[in-house]
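Taken in sequence, the protein lines are chains A and B. Everything in the first sequence is counted per the working numbering, starting at 1257 for the first residue and increasing by one. Everything in the second sequence is counted per the working numbering, starting at 24 for the first residue and increasing by one.
Hints are not guaranteed to be accurate.
Straight line, CA to CA, 30 Å or less: simulated DSBU-like cross-link-like pairs of lysine-lysine [unchecked claim]:
no., chain 1, residue 1, chain 2, residue 2
1, A, Lys-1536, B, Lys-212
2, B, Lys-452, B, Lys-346
3, B, Lys-346, B, Lys-293
4, B, Lys-76, A, Lys-1597
5, B, Lys-212, A, Lys-1593
6, B, Lys-399, B, Lys-346
7, B, Lys-346, B, Lys-292
8, B, Lys-76, B, Lys-292
9, A, Lys-1597, B, Lys-212
10, B, Lys-76, B, Lys-293
11, B, Lys-76, A, Lys-1593
12, B, Lys-433, B, Lys-212
13, A, Lys-1326, B, Lys-76
14, B, Lys-76, A, Lys-1536
15, B, Lys-346, B, Lys-472
16, A, Lys-1326, B, Lys-212
Don't read these hints as lab results, they were simulated from the structure.
Listed here are the chains, written in short residue letters.
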Amino acid sequence: MTSAVVSAIRLTQLAVDIVSRALRAGASDAEVTIREGDEFSTTVRLGEVETLKESGSRGVGLRVLLQADKGYRVASTSSSDFTPEGIDHLVRGAVALAQVASADPFAGLGESAEFGQLSGDLALYHDDVYSLPTEERIAWARRAEAAALAVDTRLVNSDGASFDAATGRRVFANSRGFVGEYQSSYCSIAVSPIAQSASGEMQRDYWWSQARAFRDLESPESVGQEAARRTLRMLDARRVPTQQAPVVFAPEVARGLVSAVFDAAAGDAVYRGASILAGKIGETVAAPSVTIVDDGTIPGGFGTSPFDAEGLPSRRTVIVENGVLRSYVLNVYAARKLGLKSTGNAGRGLAGNPFLDAGNLFLQAGTQSADEIIAGVERGLYVTRLMGQGVNLVTGDYSRGAMGLWIENGQFVYPVQEVTIAGNLMDMLRNTTAIGSDLVFRSAIAAPTLRIDGMTIAGE
Amino acid sequence: MDHKRYFFEKFGVTERLLERCLGEALSAGGDYADLYFESVAATSLGLDESIVKSASQGVSAGCGVRVVSGERTGYAYTDDLSADRLLRAARTAALIASGPAKQPVQGFTETSTPSLYPAPAADLDTDLSAKLDLVTRADHAARRYDRRITQVRASYADELRRILIAASDGTYACDTQPLARMSVFVLAKDGERTARGTSGGGGRVEIGYFTGAKGPEFFATEAARTAVLQLGAVAAPAGEMEVVLGPGWPGVLLHEAVGHGLEADFNRKKTSAFAGLIGRPVASSKVTVVDNGRMPSRRGSLNVDDEGSATQETVLIENGVLKGYLSDKLSARLMGIPSTGNGRRESYQQIPMPRMTNTYMLAGEDSPEDILRSVKRGLYAVNFGGGQVDITNGKFVFSASEAYLIEDGKVTAPVRDATLIGNGPEALKHVSMVGNDLALDEGIGTCGKDGQSVPVGVGMPTVKLDRMTVGGTGR
């Protein structure tokens, strides 16, 4: 057997063992999560190695449920100590801690029929992420940075380039018989060049590529050149007068809007009434061209997993379809609170109750190219970077710092910085007047170029 | 057990083992090596919809080994504190260097440290009744405040972090760092209108801190008051205007506008908008800003930093002139400046870097009333969410969560959430009045940099900026 198989068997057995120990210690139900991971990272700056980091760690979390008159008392413990003594503390601690929790009529594991996992190879793990020797990894980061700095003499400095690789294993077992385990891998390169204009003003931007398999990583040269292009175009940025104008969100910032919709559709915000989407199932909440999907089943996806953090199979959920809110995103608890079924969107840390987590979350591509969308704007802002927290999901109020390019008569005319864009998320979804065809999954959350009308730009 | 002997007694670490690991770390050369042992025990308790839905405790321990060679850093960590694993981590970190072995300094000198906060003996509290009482009282107080309060979430979280640092330059330091925080989140509903309010506080304190003026009722009432106020909020204005920032947490302005830009690593690499500005005016002459890691019980305070250096009060801006940077050992050595004791890291899995502790502006002479009276039309912002800065172009944002319009010198309608944006090296030049009411925040700040989070404090008196851009939607 390979060491990976041995490790999987060992950790799975440990998880099952901890579940039964928890039951013997008085728990009515129990869930165990074990995580194990290795990471490698290196950063290079101005051609020289800056950091080299290599290590691994693991942790175990236990959540116990104690039957009470009405519902369950719930508590959890976590530890990095895998000795028998450490595991004993974990189990006894959790059961003791549950005594202080309240009986919660909605707490409890999923129904037996709900548990399960996707079968087949989801292509989440590729051992080639560690195939390069250290010197080669450093060389990749170096090449990315060198390619960026070679583009233009105004690229005078660098915040560095990096190569990262990581592999991890996740094991989950519960007292209703679910046992699951999977491995995942990841690698990335990133570069962050700095450009300086004749006036001395500096700008920094970055670009990256990440992949589950090393062979799928984009070339260091292409990543470096894109980082350079993005940085150079921001030189001599200015402010614009305060006004209402169309805003075009580049894909890398449009993602944030999709993420906000997910958070607003999250069951815990919904049952609390803490979301602008609460109670709006079946209602039109966005322009008819807007369809937003969460899909945890896409093979090789950054947000793919065979099962969620409660042992339910990952699935595809259409949240918004042609502008109509079709589904909330739910874990077992939020579903029970709302009288619905879980959508398999449970996430969790080692300790604490499950929360809500997206799989591969995206806004479906439209038909126009990004160039066509920009060409259709008479005067407006093309946003490439956003700063600050953004959106209040209770009221929908949206206000963020923005950087990007000013559009006049369909053409970029100069870079813009130190302005804000503001509106209300609900208005923004309804006023989405163009959707690009450029949907690419660079990470688990993706969106194409979006044009949104009626926002306020605050500047001079 | 003497808290300074923790790693020796609990994990069997010996002084001989520390020396062996440092020797192994420098076995391929390098200028410096250090070991960072960390053990964290954390408890959290959450009341939600008036019941305790979550109670959790966690423990973790590990050690990070660092080797520095010129500008290069090698790093490895282990969560297994056996001699074998520690030596293996040391050998991995050593891969950064390639030369003849170096010898660590013989014998350690313990960094002399103050006692800014209590050092509890037990890792985890087994009796949670006092914590339960705090969250229950917060729930009651918030609901009692106004019948429109429909949801309350109250939580109490504390942790005890123990660290031991041993370095090849002879540095040796131990610390036991408590950190406690209470948080309250409420929703208010009135017809179709819903609004949120949050509040919280704490520091490097034990549970006894949360009594009297800092009891759960105070935080609950604050959260409820903000939420009810927001029910009647009007659209925030858009554009450049006079802005008055209230005392305390609005000091997050300093953290974003100047603090990060003055961290030595960015200035060593000349990637900060503040690079090369030492001795130059970067603020109005009324502005003096310090970073002070030595304030008793404060959230951002440390007896010793995560590299074993003593913490201190560092003047960043004095009467408007840029005075100094916040440094760690690496930047201090490479830049030829003193270490200011600002080397911090999130955990044993991370490489330390220069970070802020408690950053605040000293009080001026104006009365807060006079400051507000001087504004014809502007924004009065008294509470904020977080902020963010691009240290290279200097642009920063911070998000107002409680703010009001100022009309003809009077504070009028509350406004909805809005982001404020400015340029770090310029923003503080527009400070025209500084209040006599310096206050520090309640102890809720967490700062993120390069993916690492550390607790920090901020503070400020009432301050007037003659212009700043407010990112609302109204006029």
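So, going through the hints one by one against the coordinates:
Distance check on the hinted pair: Lys-1536 of chain A and Lys-212 of chain B sit about 17 Å apart at the alpha-carbon level, within 30 Å; holds. Between Lys-452 of chain B and Lys-346 of chain B the alpha-carbon distance is near 15 Å, which keeps this suggested pair within the 30 Å criterion. Proposed proximity of Lys-346 of chain B and Lys-293 of chain B is supported: the alpha carbons are some 17 Å apart, at most 30 Å. With a CA separation close to 20 Å, the supplied pair Lys-76 of chain B and Lys-1597 of chain A stays within the 30 Å bound.
Simply put, Lys-212 of chain B and Lys-1593 of chain A have alpha-carbon atoms about 20 Å apart, close enough for the 30 Å limit, and the pair holds. For the given pair, Lys-399 of chain B sits about 34 Å from Lys-346 of chain B by alpha-carbon distance, which is inconsistent with the 30 Å threshold. Between Lys-346 of chain B and Lys-292 of chain B the alpha-carbon distance is near 18 Å, which keeps this suggested pair within the 30 Å criterion. Pair hint Lys-76 of chain B plus Lys-292 of chain B does not hold up; C-alpha atoms about 48 Å apart against a cutoff of 30 Å.
A hinted pair counts as satisfied when its Cα atoms are at most 30 Å apart, and Lys-1597 of chain A with Lys-212 of chain B qualifies at roughly 27 Å. Of the supplied pair hints, the one linking Lys-76 of chain B and Lys-293 of chain B is violated, its CA atoms being roughly 49 Å apart against a limit of 30 Å. The suggested pairing of Lys-76 of chain B with Lys-1593 of chain A holds, with an alpha-carbon distance near 13 Å, which does not exceed 30 Å. Proximity of Lys-433 of chain B to Lys-212 of chain B is assessed by CA-CA distance (about 28 Å); at most 30 Å being required, the pair is judged to hold.
A distance of roughly 13 Å separates the Cα atoms of Lys-1326 of chain A and Lys-76 of chain B; the hinted pair therefore holds under the 30 Å criterion. Using a Cα cut-off of 30 Å, the hinted pair Lys-76 of chain B and Lys-1536 of chain A holds, with the two alpha carbons roughly 27 Å apart. Distance hint between Lys-346 of chain B and Lys-472 of chain B is fulfilled; the C-alpha atoms sit about 23 Å from each other, no more than 30 Å. With a C-alpha separation of about 29 Å, the suggested pair Lys-1326 of chain A and Lys-212 of chain B falls inside the 30 Å cut-off, and the hint holds.
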